[in-house]
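A.B. asks: One-letter residues, chain by chain:
2 protein chains.
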Amino acid sequence: MNIDEIREYLLESPRTGKLATLKKDGSPHVSPIWFDLDDNGNIVFITRDGYLKNENIRQDPRVALCVDDEQPPFSYVIVEGRVSIPENQKPLKYWSARISGRYMDDENYAKRYSAETGYSLVILKPTKILGYTNITD
Amino acid sequence: MNIDEIREYLLESPRTGKLATLKKDGSPHVSPIWFDLDDNGNIVFITRDGYLKNENIRQDPRVALCVDDEQPPFSYVIVEGRVSIPENQKPLKYWSARISGRYMDDENYAKRYSAETGYSLVILKPTKILGYTNITD
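Protein chains in written order, with this note's numbering: chain A, -15 to 121; chain B, -15 to 121.
If you're looking for bench data, these hints aren't it; they were derived computationally from the structure. Fair warning: this is a prediction, and the values are worked out from it, not measured in the lab. Be careful, since some hints might not be right.
Remember, identical chains collapse to one label, so a pair may be satisfied in a single copy or spanning two.
[Stated by the list, open to error] With a straight-line cut-off of 27 Å between C-alpha atoms, the simulated BS3-like cross-links for lysine-lysine are:
id: 1; residue 1: K37; residue 2: K112
id: 2; residue 1: K77; residue 2: K109
id: 3; residue 1: K112; residue 2: K7
Using the sequences and the hints given, assemble the complete structure.
C.D. replies: Structure follows, in structure tokens:
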């Protein structure tokens, strides 16, 4: 996949991303995230303060993300890079609504989610993006 | 989820696992795998020799695996542990057929896949297993 195809793949249906982060002892952790893309090609997501994922990235910003299609002929995208947690968290509310709106067809959910506190907006700036299609063909 | 529910979740439909491994520089890598469970509750999967995933686990056996349902109300299982590549690779052919049979409804594919060389059977012995359901409820 070229970069435009990858962008489309990441946005076309609301697949979750599986985010790999590093624990304090250097071992890997991986769990699902909701995400969206900003206009600069960064992955934008939200983590809950005090939770493992949030603590991991505050300690080591190196992450990897995988988004895949689990049906034949199978396909996937891998993004690697570093995350940052912007000091200015004002856009959190905007992104909360936008991201939850992608995954939940429920306005009330987006409203409730974007009003909650104790979350941080996180930006993943890719250093490597790879996409593979038709794995089993 | 309790351990029986997690086992059922991992087996009920052929979801891919997203396997996080560690690269030489300690940064995380994550990509999809096909897997199955053995009778001892280990995750069994296959990697291609010389590929990044295979090289990563030969160097550092610490991995994490995530399997999730991407539809509301969302659910996921995380497995953490260490992998080993058995010296006795005779069961590779059996597991190749069994695992590919889970994901591909195509006998020829399983036959072809299990006859290929240059693959290694890998066993993930879990040290931690967690399962979460109804995330957005």
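A.B. asks: Against each hint, give a clear statement of whether it holds in the structure.
C.D. replies: Structure-based check of each hint:
Taking identical chains as interchangeable, the C-alpha atoms of K37 and K112 lie at most 27 Å apart whether they share a chain (21 Å) or sit on different chains (16 Å). For a Cα distance limit of 27 Å, the shortest separation of K77 from K109 inside one copy, 20 Å, qualifies, whereas the shortest one across copies, 41 Å, does not. Taking CA atoms no more than 27 Å apart as the test, K112 paired with K7 passes in both settings, with 22 Å inside one copy and 14 Å between copies.
Of the numbered hints stated above, none is contradicted by the structure.
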